[in-house]
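*Asks:* So the sequence lines, in the order shown, correspond to chains A and B.
The numbering used here puts the first sequence at residues 1 to 533.
The numbering used here puts the second sequence at residues 1 to 255.
For the record, the hints were derived by calculation from the structure and aren't laboratory data.
Glycine included, C-beta positions come from ideal geometry on N, C-alpha and C.
Among these hints, one or two may not hold up.
[Claimed, not checked] Within a straight-line C-alpha distance of at most 20 Å, the following computed EDC-like cross-link-like pairs (lysine to aspartate or glutamate) qualify: (1) A:Lys338 - A:Asp292; (2) B:Lys203 - A:Asp58; (3) A:Lys338 - B:Glu162; (4) B:Lys203 - A:Asp93.
[Unchecked claim] Partial chain B-side listing against chain A, Cβ under 8 Å, derived: (5) Asn130; (6) Ala172; (7) Arg173; (8) Lys203; (9) Ala208; (10) Val209; (11) Phe216; (12) Leu225.
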Amino acid sequence: MISIQGLSFRFGASPRYALRNVNLEIAASEFVVITGPSGCGKSTLALAIGGYLFRQYDGETAGTVTVAGMDVRGVPIYDIAEVVGLVQQNPEDQFCTLTVQDEVAFGLENRCLPPDEIRQRMAWALEVVGASHLVGRALATLSGGEKQKVAIAAVMAARPQVLIFDEPTSNLDPTATAEIFRVISHIRARAGLTVLVIEHKVEVLRQFAPRLVALDGGRVVYDGPMSAGERVSESANRQVSESANQDSEQATHYGTRLTEHAPRNTPHASRATNHGSRTTHPPTPPAVRVDDLHVGYDDVPILHGVSLEVGEGEFVALMGDNGTGKTTFLHSLLGFLKPGRGRIEVLGHDMHRVSTSRLVRQVGFVFQNPDHQLFADGVWQEATLAARNFDTLDEATQARARDLLARCGLGDRQQDHPYRLSYGEKRRLNLVSVLVHDPRLILLDEILIGQDAGNAAMLLDLLCEQVRQGGTVIMVNHHPDVTSRYASRLVFFNDGKIIVDAPTADAFRQLAHLGLQAYLPNDHATRITNHVS
Amino acid sequence: MKPRITYQPGDSLLHRLHPLAKGGWMLFGTLLVFAVHSPWVVLAVLGLVMVAFPLSRSPLGRVRGTRLFATTALLLGALQVLFVHRGPALVRMGPLVVTAGGVEAGIYVAARFLCVVLLSYLFVLTTDPNDLAYGLMRAGLPYRYGFALITALRLVPVFEQEGQIVYRAQLARGVRYDTRSPHRFLTLGRQFFLPLLVSALGKVDSLAVSMEGRCFGKYPTRTFLREVHCTNRDVAAAALLVLGVAALAAVLIVI
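Bound conformation, chain B alone (with noise of 0.2 Å):
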């Protein structure tokens, strides 16, 4: 089985960029996609992009889910393609017309498409969740939201694992989804999701102990150990992107 979509240890150039540079650049990006409407600007970033993966050595190809992005963003391209009909024809069989609009549109929507999904995967790959939610308390995030971030990203592996048991002793006890029934589907539903609740509910109060157990909230701000560093190298991508949005608000404003 292919690994889950996660922080893979590296020490690219993109692992050592801050976090929060690196985030502000994977939000730039997203947003140029959306504000520029031109193909080659798209393809230009889905370029830069494919290129930072191998770059960073991060493991695309390995990841689960790549293949069903890949094929929607297929899915999206034809569908396009088949339906806008828009500039010269290209291609006429039958009812089926493809025209230069068609394709331009269909490139421009599944570019966009794995742009978004790929800047996020490289995002995810890269960074560590740890060193965002301590680099995010220390720009000023207050720490409280800075653990909930933390507490989830725990428990999220955790719940995927005890919602896999549950699925596989309702196997074993011969439950099956195979149903048409609304009723007897929310009656699954239920049964599915209240071992999970009280499985959740006993780990809240777990946690609430071990964190009242250790001061948590005595005081409103709290020292740190951990360092984020933010090295020469963080401060010209910072600045990079400042210029960046400022460019493309400007051509926005002109156009």
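Chain A on its own, in the form it takes in the complex (with noise of 0.2 Å):
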């Protein structure tokens, strides 16, 4: 079905090659997972095999791209459609219209087919991802993951032969994440369709036993069976090169490496109750002291009634399903909504009392998207932006500067411009820029997104230390494994609530008891299973 022979791409002035010598073969009916690091081609090679590749942008391309026997280079993209569908990371881009059924029935109507032809198309496309009950809403209304199922309904409704998804989970929570695989494999099932998926999250694919194709500097550095009794990291260590081989021990340590920090940050844990929503009162003044927090938009309530306590030195995983409060409860805690009703006291400030460009001194905030929160025109401007808003640009702040860019790989990079990084380094950059100051509280807004084993790691053992020196983290994540082995405790929304808020393995032993098994490590999941059968 598809086949690609010596492909090279670089983009533009790149001098590197975002693809490198690709040689493929993927058969009619094949399930393929694509994985590597960030940037390592995985995207790139998505757009070969849809055409756009060589339509869109800008490059210099080796090497042919076969897909039912049409070569995509010399093809319109609108023919390559007739066999490709790709379905993209983020649904809200790649929507083309405001509700449910023009969007699904978007491509079709750009086909001229008839209207009977598309009503039967629309319905049939919706069923296959279980998303008919969806009709008549508008998309702005949706969660995540039935934004994704449209997303895929509206391919699916060209019945192409192959579908490609890239990263289609990055944006939603596990429960999510869990249903939208569900979908794929029935789709796979249902339709006999040649499916690629690129994901960071092999693990939870391992159940559909598929090829894996792992790529690394834009090589292909493994290709073969994931079965489903092996961990990726041994199966992929048999034939890849070095760099690969560096990655899949970050891959391992990426949920090990904490343990060696988890007993610091136990003993503040340990004051948590089990049940409740709220922890006892620790000898030394809280970080954070939330109570009976009400916080809305536009007239829609979104919290009600939280109340939490967070002493200093904790590393708190906040949890839950996208929507129910998390990122309100964070931007809350700097003042940038106003309570209904409640109270809020952060590092001894009551929020009614303290300015936010007061309190920022003192508290770093990461957000979601790493491009939305880069402002200088280079890396160093770009780290020392807040010291220098703040007038703390000493010689020790700026000797921390340096050696936390060099820590993260960024040391030789300091004169480049900020969008000259890769998706990775500019995490790490946005996280340099929020520690250089020192503050004592840092709150994390899902920085783990879209990020490989080892650039999570790397994040992750700056937090560990900034813990470790008396630090305060708040950090949302949609990672159990992550939360199981780096977080002290584990707080969860649901529907603007805390339901669960205790040390991280006593909390998974609530959500196990809730069923939220999506919601639970791997091991922790094995275990709980054996120990209830």
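Take each chain as given, in its own frame, and dock them per the hints.
*Replies:* Next up, the structure:
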């Protein structure tokens, strides 16, 4: 179905090849998972198979890509689109209309199909992805998982033979992620398509026993089975290059490195109660004290009576489905959102009485999207921006900035523009730029989105170091394994309320009792299942 | 926080009116208050618009910005009252003179301003923008332009939200906007808009892939699944509109 021979590609003036001599043969109905570190060329490969790479991007190409007998470099995208459907990372970015029906019908209307046939295909596509109940809804009102289902249905409706998913779950919570993978499996079984999934969360896909293709630096470094019984790192290690071995090692310690840090966090965590949304008072003043917090947007209530106390030196993970109030909670802590009711105290300051501009001297906040928080013209200026704004850029701070940049692999990129960095590098710069002025409290909103294991481990190591030095970390994330290994305490949000607040191990037991299996770390889920059985 | 000025779903007569007929009436109302130089006509139009709000069950009082517009209208009216001296004096207090002509001009300007704003509000609150775009395309607007409108409608709230995030991210890094230096202000502006520009370019890339991958632009025309129905009521509204425009033209010619 797909034949790639000696494909190399370099974007515009970039000195680096995004793809280097890639050779792949993918048969009809095959299920292939493509993985690798951020910036390794996975998405570029997807764009090449769909033909977009050669039509919409300037660059230097060598090699051939043939799909269903068509040389994609010599065929209009419209013709390739009859065979290949591409579901992109963020459904929001690929929607062309405002409602579910309009979106699914969009491609069919463009093909000038008669309305009756459009209705028929639309019903089929929505049924295959389990989204028939969404007919009549505006896209803006859907949850992340529902949006992704509609995006898949919109591509499926054209009945392609090849379906490519480019990190379809990177913005989704574990519940929605499990649902999307179930949908992908169902599509494959039902429609017999060739399915390519670009994904970091390969372990979750193991149950489908796919073929695994690992890329690194634009090269294929592993191409073989991902059998149900072995870990990815084990199967990949057999034939990968040295660089892939390093990634694999990083992937392994992604979930284990913090065991050495964890004991430091547990004394604080042990103060948390097992069943309520309050902790007992720690002996030192808490970093955060929230009491009966109510916050809403546009008359829509988001948080309903949230109470929480976080002691200094804690590493708290905030988890829960998308839209349950985690981000709203973080934004409230810095005064970005005014509470309708309730009281917030941050580092001993009553938020009614202190301005955000004063508080940010002691608080670092990393937002979700790295591009939304890069403001300076150079990496060094970016790293030291906050310190300069606070007039604290002395010799010691500069030395700290140099040290942090060097440790994050950005030491020799100080003169580069931040937008020239790779995604993972930007994320590391985001964190460095809030650590330079040494904040006592660090708030992080899903900083692991789109991160490979190596980058994630690097970021988490920096955070653990901050905690060891007495700092406090509150991190929204969707990775149970990360929470299990790195956080001392887990606070779980549901429908604007905290339903679990306990030390991580205890919290996972409570989540298991609540039936929230998607939120359990792999080893924990297995252990609980064994224990129950 | 009050809701933004955006479409509020409903089932009133105005909600059900064809978007093009409704748009035509809105434009006619605006034209009328500018073309006819009579405060009474303007007040009559304003009265009709004010009645239309409760009839369409549109929550004017709950929408963001209404207080600002009301204050602006009062201010505009007050300026006319204070500075237009025409006709007999009604009040004399030292240098302050209020004339009948000034009061008339004040009412006229304030009511005209409110008419234009409230007519737009009424249209936005009762018209599904999607119906408007599809209505225009079914009426002959080339579909490329129609989807440009839909894309804009979809992306405006996204960019509004992103702008808010960028602003908050800057605040969190100690960026302060209370500067008087033009150079510094330009730098701040660049730092604010650059992330939005980068984000917009990324979205354009994704959207282009999505649209091309679904054959947008493959043919000069396309089919439409969505029906924007034109009922007898819409035809009647359009006919009345034509009559109204003709009457206005006749009055203007005679005058």
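*Asks:* State for each hint whether it applies.
*Replies:* Results for each hint:
Restraint check for Lys338 (chain A) and Asp292 (chain A): satisfied, since their Cα atoms lie roughly 13 Å apart, inside the 20 Å limit. Between Lys203 (chain B) and Asp58 (chain A), the direct Cα distance comes to roughly 18 Å. Compliance with the 20 Å bound is thereby established for this hinted pair. The suggested pairing of Lys338 (chain A) with Glu162 (chain B) holds, with an alpha-carbon distance near 19 Å, which does not exceed 20 Å. Among the hinted pairs, Lys203 (chain B) with Asp93 (chain A) is consistent with the structure: their alpha-carbon atoms are about 6 Å apart, no more than 20 Å.
At about 5 Å, the closest approach between the beta carbon of Asn130 (chain B) and any beta carbon in chain A falls short of 8 Å, and the interface hint on this residue holds. Here the hint on Ala172 (chain B) is kept, as its CB sits about 4 Å from the closest CB of chain A, short of 8 Å. The beta carbon of Arg173 (chain B) comes within 4 Å of a beta carbon in chain A, closer than 8 Å, and the hint placing it at the interface holds. For the restraint placing Lys203 (chain B) at the interface with chain A, the shortest Cβ-Cβ distance is roughly 5 Å, inside the 8 Å limit, so the hint holds.
Of the supplied interface hints, the one on Ala208 (chain B) holds, with its beta-carbon coming within about 6 Å of a beta-carbon of chain A, less than 8 Å. Checking Val209 (chain B) against chain A: minimum C-beta separation of about 5 Å stays under 8 Å; hint holds. For the restraint placing Phe216 (chain B) at the interface with chain A, the shortest Cβ-Cβ distance is roughly 5 Å, inside the 8 Å limit, so the hint holds. With a least beta-carbon distance of about 4 Å to chain A, the hint placing Leu225 (chain B) at the interface is held under the 8 Å criterion.
The earlier numbered hints are all upheld by this structure, with none contradicted.
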